[in-house]
Amino acid sequence: MHVTRREWVLAVACWAELLRAQSAEERYVWFDAATAAEIKAMAARIIPEDDTPGAESAGVIWFIDRALAGHDQDKQSLYRSGLAEAQAKRTELFPGSASIASLSVDQQIALLTAIEKAEFFQQVRLHTIMGFLSDPLHGGNRGGVGWKLMGSGHEMHYDPPFGFYDANGSA
Amino acid sequence: MSALFTPTDEVDFVVIGAGAAGGVMAKELSDGGFRVVVLEQGPWRRPKDFTHDELTVMYRAGLTNDPRKQPNTFRKTPQQQAVKQQAVEYGCMVGGGSVHFTSNYWRFHPEDFRERSVLGSIPGADLRDWPISYDDLEPYYTKAEWDLGISGLGGSNPFDGPRSRPYPLPPMPVKSSGVLFERGAKKLGLHPFPAPLAVLSQPYQGRAACIHCGFCESFGCEVGAKSSTLAALIPMAVKSGRCEIRPDSYARKIEVGNDGRVRGATYFDRQGREVFQRAKAVVVCANGAETPRLLLMSKSNLFPQGLANSSGTVGKYLMFDNGALVMGVCDHPLNEYKSVVVTRVLHDFYRSDPKRGFYGGGGIDARFDYYPIAFASDAMPKDTPQWGSEWKRSVGEYYTHMIGALGHTSCLAVEQNSVSLDEQVKDAWGLPALRITFQNHPDDMKAMLFIAERQKEILTAAGARKVWVDPSTVTETTYSRHLMGSCRMGDDPRSSVVNKWNRAHDVPNLFLVDGSSLVTSARQQPTATIQALAYRAADHIQQAAKRGEI
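Taken in order, these protein sequences are the chains called L and E. Residues 1 to 171 (the working numbering) make up the first sequence, in order. Residues 1 to 550 (the working numbering) make up the second sequence, in order.
If we strip away everything but chain L, and leave its shape as in the complex, we get (with noise of 0.2 angstroms):
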């Protein structure tokens, strides 16, 4: 078979490209996996997956592991020291239980609620919102679905009318 010097370079792009591909699969840089999947659990109650999508689907775990690696770097310590209280708290709560996201949906309500006052969890809200609604170049949000629930548009131009009331007659 003789193979043209074009058709080689091709293979070799797309033999780099799937190479590329694998290594992109997404790694924590910040969290451990056991961390992650706790954090994530909690992020899941506060915005759940219903009758639209939430946390989970925006990949809010992504915005977080970022933001703690990054301009958030000073959270570091309370994800660990709040982390180890709300494990403290579900053990007392759900004794012989083994993670917060072993938890039952019910439990982990009942764990949240409460340490809803808690710095940690005060945190871990406002991380989680700001994985669903920020721009989705800071790793959440993916797809906009965030947007996409609040109905707010990215246009970069509109024109009136912009709502009911100016569509309908003035005052």
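No lab work stands behind these hints, which were simulated from the structure alone. All figures in this text were calculated on a predicted structure; none of them were measured in a lab. Note that CB positions come from ideal geometry on N, CA and C, so glycine has one too. Treat the hints with care, as some may be off.
[To be verified] If you anchor each label on the Cβ, the simulated ranges turn out as follows:
| no. | chain 1 | residue 1 | chain 2 | residue 2 | range |
| --- | --- | --- | --- | --- | --- |
| 1 | L | 118 | E | 430 | 28 to 38 angstroms |
| 2 | E | 393 | L | 144 | 14 to 24 angstroms |
| 3 | E | 546 | L | 168 | 51 to 61 angstroms |
| 4 | L | 144 | E | 476 | 30 to 40 angstroms |
| 5 | E | 170 | L | 144 | 30 to 40 angstroms |
Got chain L; can you put chain E on it based on the hints?
This is chain E only, laid out in the frame that chain L set:
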């Protein structure tokens, strides 16, 4: 831009700060034939550098002073130990706050300049008349409106002072919030009017009109339609061939000669090197917090308590922005995420009325200026769930259906409310941190709550089906973007820092031109007044310079 001047060139003016006032000074002085170097601590962004990225702009100080590099400390009273806490926020870039402001462009009312004469003294505050009147400033309000490009309808606000010219551009198209606000206000017998806004409703002087993208307040305009000094004036200053803008240049000291005159300014350049720029005169336009800080850092043998501070009032009488936000949910979508923030305003409760039993009042505008992250995290009524399925459904249902009314209420000048240096905390350049001491006068809280009730009535009359006050906005003020009154203007050198031409009483070739000169805070929205003062000062400075009187 390439350098026009070297630090050893003695230029005519060094302007410190390229914001709302500094941009005016840069353009006016260079147009007038003077050689000007403008030192700006922030970067020089172009329209293409601005984004719709809420996280970076709103939560990571994308366009504003970065508290990680420039920490503030805060305390309510001088007796307390100040703690690290961000207390002031300002646009940190060429164009300054005029780049990211909401663009409300209200003139102060004639009585704002003489409230002391009208109302008498207020216990616990130092209410004073201005050394100038509305009539003195009127020609410069007009000049600012026409130079920058302001959209509005002259004569539509029955409480405004007389004006010599209409606005150069018609008002922006009314939004749903404006329609409902006007409907509710008229039912109550009030006088809503189209918002005067520093945004182009039509193309103007080679600039494009607004395309209603919606990322307006807190963001920079990607098409240059917001009438910032960056879009409207800086290009003219540069075109003069006599003005050099030096971004990333952080002023640390104004230098004084043995004759008591200033000789120029020392700043850190982008690489952190100290540079001294010589100048015949210095104009400080660094804002109501950074201007007094720079003066206090510019101590010398001749001025041991800080430059231009023989009165001891540099930094004192700081005034902040007050006002509650009231929100409501409507039956149909308003889609307030589109276009400019404000299209209707009313001033019916602006004037202070002694019958109310307290000083102050406020203007109210129709707006719903929450971006998605802030709305979801902060704005929902606190007696409803803050996470989970029910909360998620409400957030999604409400966002496009929200209306708001924001109060812009009075803030009295109180001596102990101040900017000072915190020697215990240093910024990234090793300079003492900005320490804010601030506690609202009791009348400021009363005025805020009084106006919040009026806001609720208007939104209820407008047909909102659920109305609530954003709880975070009615607490004691500890944080502000409107930085006013810390180097007050006055005739008496014992109680004020600059004279009625914005010239320092103590130093003949030093001018302070920004929010720090304001004697009273009126009802917020100070940008138009800051810029009118800048045009007036520029006029005076040029005439004085030509007569050899600087």
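Discussion item. Just to be sure I understand the hint, the distance between the Cβ atoms of residue 118(L) and residue 430(E) should be within 28 to 38 angstroms; is that true here?
Written reply: Cβ of residue 118(L) to Cβ of residue 430(E): about 37 angstroms, so the range 28 to 38 angstroms holds.
Worksheet entry | Distance restraint hint 14 to 24 angstroms, applied to the beta-carbon atoms of residue 393(E) and residue 144(L) | holds (19 angstroms)
Item to complete: Note whether the CB distance of residue 170(E) and residue 144(L) lies within 30 to 40 angstroms or breaks it.
Response: holds (35 angstroms)
Discussion item. Holds or violated: the 51 to 61 angstroms window for the beta-carbon distance between residue 546(E) and residue 168(L)?
Written reply: Holds - the Cβ-Cβ distance for residue 546(E) and residue 168(L), about 58 angstroms, lies within 51 to 61 angstroms.
Worksheet item: For the pair residue 144(L) and residue 476(E), does the Cβ-Cβ distance stay inside 30 to 40 angstroms?
Response: holds (39 angstroms)
Going through the hint list in order, the structure satisfies each hint without exception.
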